[in-house]
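Heads up: the sequence shown begins at 19 in the working numbering, then just goes up one per residue.
FYI, nobody ran anything at the bench for these hints, they're computed from the structure.
There's no promise every hint is true.
[Said to hold, decoys possible] Okay, derived cross-link-like pairs now, DSSO-like style, lysine-lysine, Cα gap no bigger than 27 Å in a straight line:
| id | residue 1 | residue 2 |
| --- | --- | --- |
| 1 | K217 | K143 |
| 2 | K216 | K423 |
| 3 | K358 | K134 |
| 4 | K482 | K503 |
| 5 | K134 | K144 |
| 6 | K144 | K217 |
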Amino acid sequence: MSSMVVVTETDERSPLLQNSSHLAGEITASASPLPDVEDGPSSSTRPANSTDTKQRLVSLDVFRGLTVALMILVDDAGGAFPSINHSPWFGVTLADFVMPFFLFSVGISVSLVFKKVSSKPAATKKVILRTIKLFIFGLILQGGYFHGRDDLTYGVDFNQIRWMGVLQRISIGYLLASITEIWCVGNNDVNSAIAFGKKYYMQWVVVFVLGILYMSLLYGLYIPDWGFEVMSENLSLSVPEYGKETQIVHCGVRGSLEPPCNAVGLIDRLLLGESHLYKNPVYKRTEECSVNSPDYGPLPPNAPAWCLAPFDPEGLLSSLMAAITCFLGLQYGHVMVHYKGHMERIIIWLVCSSSLLILGYVLMVIGVPLSKPLYTMSYMCITAGASGILLIAIFYIVDVIHIRKPTILFQWMGMNALIVYALAACDIFPAALQGFYWRSPENNLVNGTESLLEVALQLERWGKLVFVFLEIIFWGLVAGYLRVKGIYIKL
């Protein structure tokens, strides 16, 4: 499933979602993974403000590491601070930028790995194999086998396994971006903006097709009434007897973006099955479904039946629009490959990012709301534009003016993003630690540390926040230790 790579100081490393440098037969050494950028003439002839031949693009490591750290922050502290947790349905918060950041960085990485491909069939085989492994790994982490913190049980019923998740969505974007980068790129040299567009125009055709398909289905599909099973012991919905009973959601609409009646949920119910969707969707935190909105809480009186219905935030239809974020990251990487001067890259990125932000705002004005669960086009544009702005800031600080010490923890985390994501962001390590306790499962190291901080700060939410920051620092140091030892975990 995964492998551990031990390298020496002179070795090149293979990062998450990228082909390793020992595949020289299919990908030239100049496209070394995660990436050491070799994108121009020798250092004696290149501009003074351009990237050296073998200088690592540290900003991409930092970008990826910061994204993992943000995921830990919003997942673990979001309960105490609902303002940074995922928006209940419409709108965006800090948490809603994490997934686009992941997808955007994957697109950049793909563009740098596949700068030159000597064997397209061999490269395609590697991409498909890595996609399958990534999807399966995501299935293990988020399919329901691990029950998370505060639950010492594990295992999942195949009739209830969740098919989609974060890594599964990333695998879809990675597959589409990689295949088009291998097969749909022109052979012409890039010496102008027109030549740049000519080289990559087929990728924009794919983006256009994905966007049209998504919008057509989202606004064109008719959503009929539908039902789902709910445990009858939930008295808030006035179910008369114990066991399971089918609740009916009345829709009969077309083009709705509301939680109960949208095309994203319809397609997932038809293709994946209602029992294989996420059981705790964010709309349970809406005012209709929670007395503590925007946080989770008890159902209010006369709550609608759909408050207990499943919905997958990483569903099939929304993953089509999410894949476009990968394609946009791909184009930012192409700028890195073909434009040598730092300021030239920054200016192009800034124009593109600003255009995306403006387009997203225009879409909002004309009635396309921001929604992470649906991955609406306005949400995609706003978050992709924000990804570009963040990349510019990190690139300038880290790779242009070389201020790297403040970001070293993020850099280390980005170098081993997969293992940090699996152990920390998916709660595998905290859940394992909780298995060692004193007399009672509640008396474990994780809960004890949190309680100690809450008592010291005399406020539960701030104690939680400090604990999460310490957790991020801990994983940064773990990643740093792996970096010193030359150990990198990859698929």
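Within 27 Å, alpha carbon to alpha carbon, are K216 and K423? This hinted pair is violated, its Cα atoms lying about 40 Å apart.
Given the hint that K358 pairs with K134, test it: the Cα-Cα distance must not exceed 27 Å. Holds, because 17 Å separates the two Cα atoms, which is no more than 27 Å.
Please work out if K134 and K144 have their alpha carbons no farther apart than 27 Å. 15 Å, holds
Sort out whether K143 lies within 27 Å of K217, counting only the CA atoms. 23 Å, holds
Would you mind confirming whether the straight-line C-alpha gap from K482 to K503 stays at or under 27 Å? Violated, at about 32 Å.
Within a Cα-Cα threshold of 27 Å, do K144 and K217 meet the stated pairing? 23 Å, holds
Hint compliance for this structure: hints 2 and 4 are broken, all remaining hints hold.
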